[in-house]
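Here the protein sequences come in this chain order: A and B. So for the first sequence, the numbering used here puts the first residue at 1; every next one is plus one. So for the second sequence, the numbering used here puts the first residue at 1; every next one is plus one.
By construction, these hints were calculated from the structure, which means they are not laboratory data. Possibly wrong hints are sitting among the right ones.
With a straight-line cut-off of 20 Å between C-alpha atoms, the simulated SDA-like cross-links for lysine to any residue are [unchecked claim]:
#1 B/Lys101 / A/Ile65
#2 A/Lys79 / A/Leu12
#3 A/Lys42 / B/Pro99
#4 B/Lys44 / B/Gly96
#5 A/Lys42 / B/Arg95
#6 A/Lys42 / B/Phe14
#7 A/Lys82 / B/Arg31
#8 B/Lys69 / A/Val36
#9 B/Lys101 / B/Ile55
#10 A/Lys42 / B/Ile79
#11 A/Lys79 / B/Gly96
#12 B/Lys44 / A/Ile58
#13 B/Lys44 / A/Gly40
#14 B/Lys101 / B/Gly28
#15 B/Lys69 / A/Lys79
#16 A/Lys82 / B/Val24
#17 A/Lys42 / A/Lys79
#18 B/Lys69 / A/Phe71
#19 B/Lys101 / A/Pro27
#20 B/Lys69 / B/Ala87
#21 A/Lys42 / B/Gly96
#22 A/Lys82 / B/Ile55
#23 A/Lys82 / A/Leu12
#24 A/Lys42 / B/Asp104
#25 A/Lys42 / B/Lys101
#26 A/Lys42 / B/Gly28
#27 B/Lys69 / A/Pro27
#28 A/Lys79 / B/Val74
#29 B/Lys69 / A/Val23
#30 A/Lys42 / B/Ser80
Here are the computed distance ranges between Cβ atoms for each label pair [what the hints assert, rightly or not]:
#31 B/Val27 / A/Asp61: 28 to 36 Å
#32 B/His93 / A/Phe5: 18 to 26 Å
#33 A/Ala7 / B/Ile6: 19 to 27 Å
#34 A/Ala7 / B/Val27: 32 to 40 Å
#35 A/Ala25 / B/Ile6: 22 to 30 Å
#36 B/Pro99 / A/Ile62: 14 to 22 Å
#37 B/Phe63 / A/Tyr21: 35 to 43 Å
#38 B/Gly96 / A/Tyr21: 24 to 32 Å
#39 B/Asp104 / A/Val16: 25 to 33 Å
#40 B/His40 / A/Met1: 29 to 37 Å
For each residue, glycine too, the CB sits at the ideal point set by N, CA and C.
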Amino acid sequence: MYDIFYASMIILILTVFLCLYRVLAGPGVENRLIAVNTIGTKTIVLLVLIGFIYERPIFLDIAIIYAMINFIATIAIAKYLKRGCLC
Amino acid sequence: MPVLTIINTLSLAFIIIGLFFMVVGAVGLVRLPDFYTRAHASGKCDTLGEGMMLIGFMLYEGFSLIAVKLLLLVLFIFISSPTAVHALVNAAHARGVVPWKKGDERR
Chain A
1 MYDIFYASMI ILILTVFLCL YRVLAGPGVE NRLIAVNTIG TKTIVLLVLI
51 GFIYERPIFL DIAIIYAMIN FIATIAIAKY LKRGCLC
Chain B
1 MPVLTIINTL SLAFIIIGLF FMVVGAVGLV RLPDFYTRAH ASGKCDTLGE
51 GMMLIGFMLY EGFSLIAVKL LLLVLFIFIS SPTAVHALVN AAHARGVVPW
101 KKGDERR
């Protein structure tokens, strides 16, 4: 089972590099933002996988906090893009 | 113990299907021609893939506090990730990003 965990970690890191191409090359700010949001979603799964591999359940709490911070950051940036200010 | 083997196989199937969906979402993010189509790929494939992978980890773990935390994470992701993508698409539409039609060049 741990081999599957390691293999899925490696595949997820490769998909993070695919999204990083869109961050570097995407025209406009919206493409970059949606790629960053996707990378954040993949990072949550990577944190859970690290917690399972090294048998430290504290990483699950870090994953929950990371999901909340990712959501709030994306909402705030979308609001700033739409209105021009954070009001 | 056949029950443990069945549950491990089931969690393995969930993890592999979720991994497939996440790879498909990343490839769509690179390959598709427009912002809206990329939002389509990212918002749906990523949410489903992450949910299925975390459900696979829940089945592997069994009934404990870790499974409850993973269930909370799955519920939060299923609510929050489409909301974030919808907010981004709404902001892009308000800024005047025109949708891609067939025959246009890639943007």
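Do the hints match the structure? See the list:
no. : hint                           : verdict
1   : B/Lys101 / A/Ile65             : 39 Å, violated
2   : A/Lys79 / A/Leu12              : 30 Å, violated
3   : A/Lys42 / B/Pro99              : 27 Å, violated
4   : B/Lys44 / B/Gly96              : 23 Å, violated
5   : A/Lys42 / B/Arg95              : 28 Å, violated
6   : A/Lys42 / B/Phe14              : 16 Å, holds
7   : A/Lys82 / B/Arg31              : 26 Å, violated
8   : B/Lys69 / A/Val36              : 25 Å, violated
9   : B/Lys101 / B/Ile55             : 38 Å, violated
10  : A/Lys42 / B/Ile79              : 16 Å, holds
11  : A/Lys79 / B/Gly96              : 15 Å, holds
12  : B/Lys44 / A/Ile58              : 28 Å, violated
13  : B/Lys44 / A/Gly40              : 15 Å, holds
14  : B/Lys101 / B/Gly28             : 17 Å, holds
15  : B/Lys69 / A/Lys79              : 30 Å, violated
16  : A/Lys82 / B/Val24              : 29 Å, violated
17  : A/Lys42 / A/Lys79              : 23 Å, violated
18  : B/Lys69 / A/Phe71              : 18 Å, holds
19  : B/Lys101 / A/Pro27             : 17 Å, holds
20  : B/Lys69 / B/Ala87              : 27 Å, violated
21  : A/Lys42 / B/Gly96              : 29 Å, violated
22  : A/Lys82 / B/Ile55              : 35 Å, violated
23  : A/Lys82 / A/Leu12              : 32 Å, violated
24  : A/Lys42 / B/Asp104             : 31 Å, violated
25  : A/Lys42 / B/Lys101             : 30 Å, violated
26  : A/Lys42 / B/Gly28              : 15 Å, holds
27  : B/Lys69 / A/Pro27              : 38 Å, violated
28  : A/Lys79 / B/Val74              : 25 Å, violated
29  : B/Lys69 / A/Val23              : 31 Å, violated
30  : A/Lys42 / B/Ser80              : 14 Å, holds
31  : B/Val27 / A/Asp61: 28 to 36 Å  : 32 Å, holds
32  : B/His93 / A/Phe5: 18 to 26 Å   : 40 Å, violated
33  : A/Ala7 / B/Ile6: 19 to 27 Å    : 22 Å, holds
34  : A/Ala7 / B/Val27: 32 to 40 Å   : 18 Å, violated
35  : A/Ala25 / B/Ile6: 22 to 30 Å   : 45 Å, violated
36  : B/Pro99 / A/Ile62: 14 to 22 Å  : 38 Å, violated
37  : B/Phe63 / A/Tyr21: 35 to 43 Å  : 41 Å, holds
38  : B/Gly96 / A/Tyr21: 24 to 32 Å  : 26 Å, holds
39  : B/Asp104 / A/Val16: 25 to 33 Å : 29 Å, holds
40  : B/His40 / A/Met1: 29 to 37 Å   : 34 Å, holds
This entry does not satisfy hints 1, 2, 3, 4, 5, 7, 8, 9, 12, 15, 16, 17, 20, 21, 22, 23, 24, 25, 27, 28, 29, 32, 34, 35, 36, going by the numbered hints stated previously.
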